[in-house]
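Visitor: Below, each chain spelled out in residue letters.
Protein chains: 2
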Amino acid sequence: MDSSDQSMNELERSGAKSFFETAPPLKNSDLISDKLKEFVRRNSESATPRSIVCVTSGGTTVPLEQRCVRYIDNFSSGYRGAASTEYFVKVGYAVIFVHRRGSYQPYCRYLPEDSFLDFVQLDEESNIQVPEDRAAMVKKSIREYHKAVGEGLLLKLPFTTIFEYLQILQLVATSINCFGCHSMFYLAAAVSDFYVPWESMAEHKIQSASGPLDMRLNQVPKMLSVLRKEWAPAAFCVSFKLETDPDILIQKADAALKRYGMNVVAANLLANYKEEVVVVTSNGKTIVRRNSKDDDLEEQLVALLSKTHSEYIQLVAL
Amino acid sequence: MDSSDQSMNELERSGAKSFFETAPPLKNSDLISDKLKEFVRRNSESATPRSIVCVTSGGTTVPLEQRCVRYIDNFSSGYRGAASTEYFVKVGYAVIFVHRRGSYQPYCRYLPEDSFLDFVQLDEESNIQVPEDRAAMVKKSIREYHKAVGEGLLLKLPFTTIFEYLQILQLVATSINCFGCHSMFYLAAAVSDFYVPWESMAEHKIQSASGPLDMRLNQVPKMLSVLRKEWAPAAFCVSFKLETDPDILIQKADAALKRYGMNVVAANLLANYKEEVVVVTSNGKTIVRRNSKDDDLEEQLVALLSKTHSEYIQLVAL
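As given, the protein sequences belong to chains U and B, one line each in that order. Counting from 1, one number per residue, gives the positions in the first sequence under the numbering used here. Counting from 1, one number per residue, gives the positions in the second sequence under the numbering used here.
Excised from the complex, chain U in its bound form (with noise of 0.2 Å):
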């Protein structure tokens, strides 16, 4: 990494400055801010010296119009980081889960799509049941996410759109600088590059009267750099490249790594996100392929970032 990529660009700077400004304010900051504080303490205070992992997830979006009816939205289903968050937790790490409203969520990532009300029953006295096939593999979840809730291991803290997203993150990294080294982001939420500015948003709804709809959306301002160089300039920081396109994925993975100096960069194709994913770093590329179809491929990639990881911590010790 050079220093050109080091110092950070004055455009990246003040678009993010200005993109902060005319966000709309973040309802409920105190709240998410006192429960930060609180989730912190109590993990910088545990007897054995914990790292804190930042997961994000799922998608945001990008209001359209103020009194919000219509927005554009980023496909994600939010698997990746529910399943992610759950083995972070299992290998020791003190998770904050900065998901979409709505997406996929750690513990439960088995329910069917519509309804918990398919998969539960009342028997003759009126206790719930599950069905017997899955009781045990309920009932593990229901365990498994108490005890992470209980011993301060998981925060959650849900978003929508890309102003929310943001400025969360922002609130994150400030909160969790303290771990330096220690904390790591794994920033698996596909954020839009998009947005309409706010101020230049239309108050009421769009409407549909006459002809095509012509629209102009701005980009939203790089905060990789701003998160990287300014909020959280110790942390290790995972960043993912998803592409439809398998000609440009590893090229434009390769310039997120060293255009944002993320540690590492994990790159995967729209057609087998599940199956494979390439982990890019400085001294290569691991592919990290699930071994069946039962396994998550989560398990190995937070096995390999956790060890690279610790290395990383022992290197900055040094």
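Hints are computed from structural coordinates only; laboratory data are not their basis. Just so you know, even glycine gets a beta-carbon here, dropped at the ideal spot from N, CA and C. Check each hint, because a few of them may be wrong.
What the hints assert, rightly or not - Straight-line Cα separation of at most 30 Å, DSBU-like style, residue types lysine-lysine; simulated pairs:
| id | chain 1 | residue 1 | chain 2 | residue 2 |
| --- | --- | --- | --- | --- |
| 1 | U | Lys274 | B | Lys139 |
| 2 | B | Lys147 | U | Lys140 |
| 3 | U | Lys139 | B | Lys139 |
| 4 | B | Lys156 | U | Lys293 |
| 5 | B | Lys139 | U | Lys147 |
| 6 | U | Lys274 | B | Lys27 |
| 7 | B | Lys140 | U | Lys139 |
| 8 | U | Lys140 | B | Lys139 |
Unchecked claim - Which chain B residues stay away from chain U? Per the calculated CB distances, all over 12 Å, these:
| id | residue |
| --- | --- |
| 9 | Thr48 |
| 10 | Val130 |
| 11 | Lys139 |
| 12 | Glu230 |
Go by the hints and put chain B onto chain U.
Guide: Just chain B now, with coordinates in the frame of chain U:
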């Protein structure tokens, strides 16, 4: 309604035709047709003559890329459709619930937004428990849901895109045509007004390398006309108008009533749609307000519509 409203505009007809011809084919259309056939068979054989309603619910999406990473979405939690479905079952309708994947579902509207795990515990014998103050409600819901499904009164069909939504609506309309005036359409879904025709869509993810993004969206053909005039001419049709600007709401509802030959247009404002809806018919306007915060507006709305539908059936029978 004069004859110029009745006859279908040639532009609308050709717009609808070309929309369907260029849409990506509906996945599982055979399976959906089979489910519909079975549902219709069961409910037309029932001893008491039964009315049938197709409730549409949630927002449709408009893909911006063929391998969909980004899409435009219409805001709708689907709460109204889910609540209305319960009340339609309660007053004796068979309900086809055509809903956006992941939107609110009937009989579990009380669930916390994030995860059912926050809602259940294991007791000492590893039985699944819900908090005592909510147990009665949860058990009632489980019971009512399985009763509705078991008695063949509820069929759930999910959609995501505008293409899926309109193709499913067409399948439903032609399937329940045999119910004639005993069928109702309760079109509470938030349907996109604009879309990108499949053929002109980018195949790969739109790249964000340089500058702003300009987009041109076409108008979705007015399918209410096609539903009314071609697919289901004898059905009782209720459509919804949601606006943010109170100054144009009633005027737009009146226009929709006339233009599409709806029997009822339910008009609401985004600011207070849970408290108040104006039921607009050719005979006048009725304001429906919920009695208290603990009540569902939908209970009164469904009661009023069911009564109006009965009057319509009697009128047709004369």
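Visitor: If a hint holds in the structure, say so; if it does not, say that too.
Guide: So, going through the hints one by one against the coordinates:
| no. | hint | verdict |
| --- | --- | --- |
| 1 | U:Lys274 / B:Lys139 | violated, 36 Å |
| 2 | B:Lys147 / U:Lys140 | holds, 29 Å |
| 3 | U:Lys139 / B:Lys139 | holds, 19 Å |
| 4 | B:Lys156 / U:Lys293 | holds, 28 Å |
| 5 | B:Lys139 / U:Lys147 | holds, 26 Å |
| 6 | U:Lys274 / B:Lys27 | holds, 21 Å |
| 7 | B:Lys140 / U:Lys139 | holds, 22 Å |
| 8 | U:Lys140 / B:Lys139 | holds, 22 Å |
| 9 | Thr48 | holds, 26 Å |
| 10 | Val130 | violated, 7 Å |
| 11 | Lys139 | violated, 6 Å |
| 12 | Glu230 | holds, 21 Å |
Hints 1, 10 and 11 from the earlier list are contradicted by this structure; the remaining hints agree with it.
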